[in-house]
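Order-wise, the sequence lines are chains W and E.
Position 121 of the first sequence, counted from 1, bears residue number 121 in the working numbering, the numbering being contiguous throughout.
Position 399 of the second sequence, counted from 1, bears residue number 399 in the working numbering, the numbering being contiguous throughout.
Don't take every hint at face value.
As the list claims (entries may be wrong) - Across the chosen pairs, the derived CB separations fall in these ranges:
id : chain 1 : residue 1 : chain 2 : residue 2 : range
1  : W       : 33        : E       : 62        : 26 to 32 Å
2  : W       : 74        : E       : 472       : 31 to 37 Å
3  : E       : 234       : W       : 87        : 56 to 62 Å
4  : W       : 80        : E       : 418       : 24 to 30 Å
5  : W       : 76        : E       : 15        : 34 to 40 Å
6  : E       : 130       : W       : 74        : 56 to 62 Å
7  : E       : 313       : W       : 62        : 49 to 55 Å
8  : W       : 85        : E       : 203       : 28 to 34 Å
What the hints assert, rightly or not - Covered stretches of chain W, as calculated for chain E (at least 3 residues, CB under 8 Å):
id : segment
9  : 154 to 167
10 : 200 to 208
If you're looking for bench data, these hints aren't it; they were derived computationally from the structure.
No experiment lies behind these values; they were computed from the predicted model shown.
Just so it is clear, CB atoms sit at the ideal spot from N, CA and C, and this is done for glycine as well.
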Amino acid sequence: MSTLRLRSRAGVVLAGVIGLLANGPAHAGWGALNMPEGVTPISSEVFDLHMLILWICVIIGIVVFGIMIYSIVQFRKSKGASASHFHESTAVEITWTIIPFLILVGMAIPSTATLITMEDTSDPDLTVKITGYQWKWHYDYMDQEIDFYSNLATPTEEINGRAQKDPNYLRQVDNRLVVPTNRKIRFLLTSEDVIHAWWVPDLGMKKDAIPGFVNEMWAEIEEPGVYRGQCAELCGRGHAYMPVVVEAKPPREYQQWLESRQAARSEGDPQMAKKD
Amino acid sequence: MSEAVGHEHHGPPSGLLRWVFTTNHKDIGTLYLVTSFLMFLIGGVMALLIRSELFQPGLQLVDPHFFNQMTTMHGLIMIFGAIMPAFVGLANWQVPLMVGAPDMALPRMNNLSFWILPFAFLLLVSTLFVSGGAPASGWTIYPPLVLQTGDAFPLLILSIHLMGLSSIMGAINIIATILNLRAPGMTLMKMPLFVWTWLITAFLLIAVMPVLAGAVTMLLTDKFFGTSFFNPAGGGDPVLYQHIFWFFGHPEVYIMILPAFGIISQILPTFSRKPLFGYTSMVYATASIAFLSFIVWAHHMFTVGMPLAGELFFMYATMLIAVPTGVKVFNWVATMWRGSLTFETPMLFAIAFVVLFTIGGFSGLMLAIVPADFQYHDTYFVVAHFHYVLVPGALFAIIGAVYYWLPKWTGHMYDEKLGQWHFWLSTIFVNVLFFPQHFVGLAGMPRRIPDYALQFTEWNQVSTVGAFGFGFSQLLFGYIVWKAIRGGQQAQDRVWEGADGLEWEVPSPAPYHTFETAPEVK
Numbered sequence: 001m002s003t004l005r006l007r008s009r010a011g012v013v014l015a016g017v018i019g020l021l022a023n024g025p026a027h028a029g030w031g032a033l034n035m036p037e038g039v040t041p042i043s044s045e046v047f048d049l050h051m052l053i054l055w056i057c058v059i060i061g062i063v064v065f066g067i068m069i070y071s072i073v074q075f076r077k078s079k080g081a082s083a084s085h086f087h088e089s090t091a092v093e094i095t096w097t098i099i100p101f102l103i104l105v106g107m108a109i110p111s112t113a114t115l116i117t118m119e120d121t122s123d124p125d126l127t128v129k130i131t132g133y134q135w136k137w138h139y140d141y142m143d144q145e146i147d148f149y150s151n152l153a154t155p156t157e158e159i160n161g162r163a164q165k166d167p168n169y170l171r172q173v174d175n176r177l178v179v180p181t182n183r184k185i186r187f188l189l190t191s192e193d194v195i196h197a198w199w200v201p202d203l204g205m206k207k208d209a210i211p212g213f214v215n216e217m218w219a220e221i222e223e224p225g226v227y228r229g230q231c232a233e234l235c236g237r238g239h240a241y242m243p244v245v246v247e248a249k250p251p252r253e254y255q256q257w258l259e260s261r262q263a264a265r266s267e268g269d270p271q272m273a274k275k276d
Numbered sequence: 001m002s003e004a005v006g007h008e009h010h011g012p013p014s015g016l017l018r019w020v021f022t023t024n025h026k027d028i029g030t031l032y033l034v035t036s037f038l039m040f041l042i043g044g045v046m047a048l049l050i051r052s053e054l055f056q057p058g059l060q061l062v063d064p065h066f067f068n069q070m071t072t073m074h075g076l077i078m079i080f081g082a083i084m085p086a087f088v089g090l091a092n093w094q095v096p097l098m099v100g101a102p103d104m105a106l107p108r109m110n111n112l113s114f115w116i117l118p119f120a121f122l123l124l125v126s127t128l129f130v131s132g133g134a135p136a137s138g139w140t141i142y143p144p145l146v147l148q149t150g151d152a153f154p155l156l157i158l159s160i161h162l163m164g165l166s167s168i169m170g171a172i173n174i175i176a177t178i179l180n181l182r183a184p185g186m187t188l189m190k191m192p193l194f195v196w197t198w199l200i201t202a203f204l205l206i207a208v209m210p211v212l213a214g215a216v217t218m219l220l221t222d223k224f225f226g227t228s229f230f231n232p233a234g235g236g237d238p239v240l241y242q243h244i245f246w247f248f249g250h251p252e253v254y255i256m257i258l259p260a261f262g263i264i265s266q267i268l269p270t271f272s273r274k275p276l277f278g279y280t281s282m283v284y285a286t287a288s289i290a291f292l293s294f295i296v297w298a299h300h301m302f303t304v305g306m307p308l309a310g311e312l313f314f315m316y317a318t319m320l321i322a323v324p325t326g327v328k329v330f331n332w333v334a335t336m337w338r339g340s341l342t343f344e345t346p347m348l349f350a351i352a353f354v355v356l357f358t359i360g361g362f363s364g365l366m367l368a369i370v371p372a373d374f375q376y377h378d379t380y381f382v383v384a385h386f387h388y389v390l391v392p393g394a395l396f397a398i399i400g401a402v403y404y405w406l407p408k409w410t411g412h413m414y415d416e417k418l419g420q421w422h423f424w425l426s427t428i429f430v431n432v433l434f435f436p437q438h439f440v441g442l443a444g445m446p447r448r449i450p451d452y453a454l455q456f457t458e459w460n461q462v463s464t465v466g467a468f469g470f471g472f473s474q475l476l477f478g479y480i481v482w483k484a485i486r487g488g489q490q491a492q493d494r495v496w497e498g499a500d501g502l503e504w505e506v507p508s509p510a511p512y513h514t515f516e517t518a519p520e521v522k
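Please construct the entire structure, taking both the sequences and the accompanying hints into account.
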């Protein structure tokens with residue numbers, strides 16, 4: 001857990017305010033109940049699909065558990081219920097085989113459509129190669145000749161309880177992955193050691209970073225902001241400590257960031273650390 | 001059953017060696033069940049350590065590496081040490097009694113398959129004390145991470161081999177007993193559902209335990225003998241391991257739930273005083289689930305980057321499982337419908353099973369939807385899902401089965417009042433424990449982390465409170481069983497008014513040898 005301590009107090013406040021504006025309160029507490037709707041067309045499709053299946057399950061649950069509760073109340077021996085002796089009915093059994101099957105077909109159709117869109121990584125505007133390490137990420141902007149590591153920026157004191165925890169505890173990094181909004185970004189994922197998984201819930205998808213192989217996923221972020229996630233595949237001791245922070249900027253600001261980054265690079269300052 | 005009673009003189013030998021050399025199915029059943037309870041307590045302590053660390057963000061109690069050891073060992077111990085041996089123990093006690101057989105078909109192998117287990121568990125638990133600590137790569141022991149394990153690595157592999165051997169021998173024994181030793185007149189389609197589900201489970205065990213053995217042996221040679229099955233630098237593929245593992249792993253999931261289905265199908269009709277609804281479709285549904293379990297494995301690994309066609313196939317096949325599972329749930333509800341219900345402890349656990357297992361089934365269906373699974377995968381939502389099917393699912397069925405058959409085994413009724421207390425404490429706390437995990441998972445908390453972002457704090461605290469409540473309630477279970485063994489109201493032969501089956505025709509407690517002359521089944 002390397003921590004850089006060069007941030008100024010003003011920087012902290014500023015980053016905190018930006019974080020609040022972008023994400024709403026980071027400390028959602030009791031309200032942390034559901035999947036975020038996210039900020040890409042895919043993530044909101046996924047959210048809708050999730051809610052659709054959830055409501056279908058809730059309705060089936062109400063019917064099935066309702067019948068059970070009715071039976072428990074109505075057919076008690078203590079209330080003088082005497083048992084019937086029916087024990088099969090081909091018609092009923094065929095019905096409750098076919099109806100669930102039809103419901104499943106109804107779920108499969110939108111799921112298939114969404115999945116086909118998700119897996120289509122063709123024609124990206126921009127490609128970023130993401131490499132997982134124990135325990136940090138490396139980002140490589142393939143066409144811009146920019147690459148850098150992204151480490152956890154939460155100080156050890158906060159982890160050990162010797163300092164007040166920042167609202168973005170464990171979800172802050174030294175170098176954010178900066179990307180443009182409204183552009184199709186293709187992520188290429190791989191790893192240099194064990195399997196990791198790169199995940200930002202607001203982007204609607206996660207995928208494994210596997211040594212020796214390159215995986216693909218894509219996102220098109222519609223709203224500027226800072227989106228936070230973390231490694232999702234157990235990768236050893238520091239698994240909880242490799243966050244992902246993506247900052248989506250409007251294309252013009254992104255272009256400025258890119259140029260300053262490239263300038264810094266040519267001036268031999270590769271770690272132009274930008275902190276949360 | 002006067003023949004059985006006549007053989008009282010041929011009782012068990014006394015002393016400790018009785019348990020070492022026994023070939024009696026009832027003794028071996030008891031050994032399995034006691035071992036299972038001990039392992040359940042050990043695995044439970046690990047779970048409480050995990051939940052204590054997760055009570056608040058930050059590192060309070062343990063080092064992250066030790067935390068990973070705990071999640072790994074908790075999984076391995078609960079699956080291989082608690083749930084599976086409990087079902088084998090129940091099968092040992094009940095299958096011969098329910099099919100009218102004098103004992104298991106292969107009694108000496110029965111002894112061996114039990115006595116391998118303590119050594120396997122000893123090896124596994126001993127890894128906590130070797131250099132580098134216990135395995136810390138999750139119970140799925142994925143490479144390359146698992147190859148970073150210290151001295152524990154070969155011990156882990158050997159332990160898994162021993163557990164596999166034991167399971168395969170147990171399964172062969174159960175199949176041989178059911179196919180060869182049924183009482184005259186008991187055709188396959190007259191067998192009690194518990195026997196049917198165990199027959200199918202035993203075939204699953206024989207099919208997949210060797211696959212697991214193959215996978216872990218490949219890990220072993222990758223680590224020590226220079227092979228590169230899973231090492232990309234040598235032309236191998238880490239994802240190959242996951243395919244092989246889950247080809248074992250998914251049927252394994254059903255190995256832990258099909259016998260539970262059987263138990264519920266025994267208990268519900270008894271306390272509804274009404275025959276099981278749809279016996280034939282229950283058998284076919286079980287067989288369909290078993291078949292489907294072999295063609296859905298990759299739904300555990302949708303995020304590894306499969307081709308679209310592969311993802312679609314595994315999504316559709318997984319969704320299909322909902323059909324036979326739904327049939328089972330509907331049949332259970334129809335069994336209760338217009339019955340004459342009473343609510344003794346086994347019935348309470350069975351009803352809770354149907355409701356809570358169904359909730360686990362719903363989240364399973366959600367997980368099958370690949371686009372949504374990309375969000376759910378490796379989060380606490382998955383943890384909530386499989387704990388719902390394994391704890392108020394498999395474990396509640398086991399507990400219900402113990403209450404149901406305990407009077408037959410001990411000859412004493414358990415304390416019904418304490419049983420009801422145990423039920424309500426368990427059911428309330430198990431939901432306090434696992435339901436909030438759906439929330440934090442959906443909100444973005446990954447599984448297998450010792451420390452988390454602040455927004456997950458509140459529901460993790462609720463979950464930890466539930467864990468302690470649930471854990472300590474199980475000590476009450478131990479006390480209730482112990483009390484019933486020591487004494488209590490004398491149980492009748494047919495312990496429950498609505499009970500049906502051969503096991504209720506022998507005295508309570510069941511004599512050391514039963515059905516030495518086969519009963520006649522009409």
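When you take the CB atoms of residue 313 of chain E and residue 62 of chain W, is the distance between them in 49 to 55 Å? Cβ of residue 313 of chain E to Cβ of residue 62 of chain W: about 32 Å, so the range 49 to 55 Å is violated.
Holds or violated: the 56 to 62 Å window for the beta-carbon distance between residue 130 of chain E and residue 74 of chain W? holds (59 Å)
Do the Cβ positions of residue 80 of chain W and residue 418 of chain E conform to the proposed distance bound of 24 to 30 Å? holds (28 Å)
Please check whether the segment 154 to 167 of chain W has three or more residues whose CB lies within less than 8 Å of a CB on chain E. With 6 residues in contact (Cβ-Cβ under 8 Å with chain E), the coverage given for the segment 154 to 167 of chain W holds.
Holds or violated: 28 to 34 Å for the Cβ distance of residue 85 of chain W and residue 203 of chain E? Between residue 85 of chain W and residue 203 of chain E, where Cβ atoms are some 33 Å apart, the hint holds.
Taking 26 to 32 Å as the stated bounds, is the beta-carbon spacing between residue 33 of chain W and residue 62 of chain E within them? At 28 Å between Cβs, range holds.
With respect to the beta-carbon atoms only, verify the hint that residue 74 of chain W and residue 472 of chain E lie 31 to 37 Å apart. holds (35 Å)
Stated coverage of the segment 200 to 208 of chain W by chain E [criterion: 3+ residues, CB within 8 Å]: holds (count 6)
Satisfaction of the hinted span 34 to 40 Å by the C-beta atoms belonging to residue 76 of chain W and residue 15 of chain E: For residue 76 of chain W and residue 15 of chain E the Cβ distance comes to about 49 Å; the hint is violated.
Is 56 to 62 Å right for how far apart the beta carbons of residue 234 of chain E and residue 87 of chain W are? Given a distance of about 60 Å, which is inside 56 to 62 Å, the answer is holds.
In the structure shown, a violation is registered for the earlier hints numbered 5 and 7, in ascending order.
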